[in-house]
Amino acid sequence: MALTPDDWSAVWLTLKLASLVTLLLLIVGTPIAWWLARTRSRLRNVIGAVVALPIVLPPTVLGFYLLIVMGPQGPVGQLTESLGLGRLPFTFAGLVVASVFYSLPFVVQPIQNAFMAMGERPLEVAATLRASPWERFVHVALPLARPGFITAAVLGFAHTVGEFGVVLMIGGNIPGKTQVLSVQIYNHVEAIEYAQAHGLAAGLVAFSFVVLLALYTLGGARNTLGTGQ
Amino acid sequence: MSGLFLQCRLPLADFVLDADLTLPAKGVTALFGPSGSGKTTLLRCVAGLARAAGRVDINGECWQDDARRIFLPTHQRPLGYVFQEASLFAHLSVRANLEFGLKRIPAAERKVGWDAAMDLLGIGHLLARGTDTLSGGERQRVAIARALLTSPRLLLMDEPLAALDARRKQEILPYLERLHDELAIPILYVSHSPDEVARLADHLVLLDQGRVTASGPTAELLARLDLPLALDEDAAVLVETQVVGHDDAYHLTRLAFPGGSVTVNRKALAVGARARIKIQARDVSIALTGDNRSSIVNRLPARIRSFGDAAHPAQCLVSLDACGTPLLARITRLSRDQLGLREGMSVVAQIKSVALLA
Numbered sequence: 001m002a003l004t005p006d007d008w009s010a011v012w013l014t015l016k017l018a019s020l021v022t023l024l025l026l027i028v029g030t031p032i033a034w035w036l037a038r039t040r041s042r043l044r045n046v047i048g049a050v051v052a053l054p055i056v057l058p059p060t061v062l063g064f065y066l067l068i069v070m071g072p073q074g075p076v077g078q079l080t081e082s083l084g085l086g087r088l089p090f091t092f093a094g095l096v097v098a099s100v101f102y103s104l105p106f107v108v109q110p111i112q113n114a115f116m117a118m119g120e121r122p123l124e125v126a127a128t129l130r131a132s133p134w135e136r137f138v139h140v141a142l143p144l145a146r147p148g149f150i151t152a153a154v155l156g157f158a159h160t161v162g163e164f165g166v167v168l169m170i171g172g173n174i175p176g177k178t179q180v181l182s183v184q185i186y187n188h189v190e191a192i193e194y195a196q197a198h199g200l201a202a203g204l205v206a207f208s209f210v211v212l213l214a215l216y217t218l219g220g221a222r223n224t225l226g227t228g229q
Numbered sequence: 001m002s003g004l005f006l007q008c009r010l011p012l013a014d015f016v017l018d019a020d021l022t023l024p025a026k027g028v029t030a031l032f033g034p035s036g037s038g039k040t041t042l043l044r045c046v047a048g049l050a051r052a053a054g055r056v057d058i059n060g061e062c063w064q065d066d067a068r069r070i071f072l073p074t075h076q077r078p079l080g081y082v083f084q085e086a087s088l089f090a091h092l093s094v095r096a097n098l099e100f101g102l103k104r105i106p107a108a109e110r111k112v113g114w115d116a117a118m119d120l121l122g123i124g125h126l127l128a129r130g131t132d133t134l135s136g137g138e139r140q141r142v143a144i145a146r147a148l149l150t151s152p153r154l155l156l157m158d159e160p161l162a163a164l165d166a167r168r169k170q171e172i173l174p175y176l177e178r179l180h181d182e183l184a185i186p187i188l189y190v191s192h193s194p195d196e197v198a199r200l201a202d203h204l205v206l207l208d209q210g211r212v213t214a215s216g217p218t219a220e221l222l223a224r225l226d227l228p229l230a231l232d233e234d235a236a237v238l239v240e241t242q243v244v245g246h247d248d249a250y251h252l253t254r255l256a257f258p259g260g261s262v263t264v265n266r267k268a269l270a271v272g273a274r275a276r277i278k279i280q281a282r283d284v285s286i287a288l289t290g291d292n293r294s295s296i297v298n299r300l301p302a303r304i305r306s307f308g309d310a311a312h313p314a315q316c317l318v319s320l321d322a323c324g325t326p327l328l329a330r331i332t333r334l335s336r337d338q339l340g341l342r343e344g345m346s347v348v349a350q351i352k353s354v355a356l357l358a
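Heads up: the sequence lines are chains A and B, in that order. Heads up: the first sequence begins at 1 in full-length UniProt numbering, then just goes up one per residue. Heads up: the second sequence begins at 1 in full-length UniProt numbering, then just goes up one per residue.
Chain A with its partners taken away, still in its complex shape (with noise of 0.2 Å):
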């Protein structure tokens, strides 16, 4: 049961776009995390059940709307065309857009709950050795927030690998474009082709348990880290 260039190609595209998204959401995820670990502000529960919504709404729900939002009658839809980008559906960029908001409470939440974690002392420490606020969040609040990261970038990694609903509504099954492996997998099933489908499948399980499995044993690691104060 060999891959096919098409299977190879999906896994590929699936890694490709895993790290793209992993990376922009820690980009985009860190700042958002700090605000809602600090922030005193009456909007902090309503961005955060923004944030959430990812993990109660059925994927489609949310690939529907970012469908209606980047097409052309949409408002970024209009946008992005007005740019000279073209339109994000069926595209690997729209991909990378959709997944970002799939995955992003799964890399906030991580990031977040370190910062609560950590308190306020440390960074009062830093701010009476003469640290600037930049100085206190790169020197002080990432590297203790570390632990956080390493869940979030897995966690946000995993999500991503494993995200169908949403790929299917936004980015349709172009082999090479936007076919990941989970809508691969969903090919060769409804194909019959179950052993192809096996293929994918097994790695696919195989992967995510180390995932897993490296996941609880840095979270072992985390619980030493985290007691030495």
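Treat the hints as calculated values from the structure; they're not laboratory data. Since the structure is predicted, the reported quantities are computational estimates derived from the model, not experimental observations. Careful: at least some of the hints might be erroneous.
Said to hold, decoys possible - Pair by pair, the computed Cβ-Cβ distance ranges are: (1) A:R44 - B:G122: 44 to 50 Å; (2) B:E233 - A:A49: 51 to 57 Å; (3) B:G113 - A:R44: 43 to 49 Å; (4) B:P174 - A:R121: 24 to 30 Å.
Yeah, the Cβ is synthetic: ideal placement off N, Cα and C, and Gly gets one too.
With chain A fixed as given, assemble chain B onto it according to the hints.
Okay, now just chain B, sitting in the frame of chain A:
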């Protein structure tokens, strides 16, 4: 203008912190009071970690003045802050913790040298260690050195010994005394331990429910009967003395002060050295004449200034004036009446024990 000027007004959960203090530009000032009296909050206001309405002026440098819309953020105030728990950065080694503040100080402004700080706190051998391998006392010493290495113009210490057991306290107190003796940095020291205050503080501020109930030289305040300190089981006075001689035959050291002198067990101090002693009220008794034979060596003529209540109703406190040096005696009210003690009477204070502090 030299001196520390603090005006802080901040509503808290149960009361309003309202302090208006002028404190000496040098030495250790203790902020003393029961838990929850606003001591720590006042310290945080000075550091800019909490924002009160008012003014903070440290030896001519304005850190906050609402009238002029000045409020320096904490990291722009040249201060050192030692928190109750050592709060070392867990992700950094001891050395990196120490360098965290130091590397942010321009070389020209470094007044406390690396070697001096290592010596002063005895931590040179800990540098390569991780912070989680240190004992509580070691952690606190590293935290103090870390604050000192920023060459602060004011050192704020928030009950630095509170989280330590009695043995660790005894381990670290000598280091704090050296800070006091060897550095010209004024220290604001929050404490609720009368013993620490007696050993370290030159100036004392009493806080209760956010208000300043007294502020003055420690020795003066400790001897006052109208302050809650007198009610403490360990009520005591401090006397600044000078070593005037040693008695080799009996292994004694004689310490003189304006009101007379006392002898203590021989100490390795040079003649002429200064020594602060603490005399607890419970160790002072009163005799009507000086000629009664007793094993007590230290007897001082004194005049009764006033009487006050002690913690237990069976006892009372007597404020004595030993030729200018205030003393406190705690005696039973029964003996007061049997001896017919009255204000203005001349008596003899018999001192059973003297503690040498520094």
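A quick look at each hint next to the structure:
1. A:R44 - B:G122: 44 to 50 Å: Because 46 Å falls inside the window, the suggested range holds.
2. B:E233 - A:A49: 51 to 57 Å: holds (56 Å)
3. B:G113 - A:R44: 43 to 49 Å: Check passed, 46 Å falls within 43 to 49 Å.
4. B:P174 - A:R121: 24 to 30 Å: About 27 Å separates the Cβ atoms of P174 (chain B) and R121 (chain A), which means 24 to 30 Å holds.
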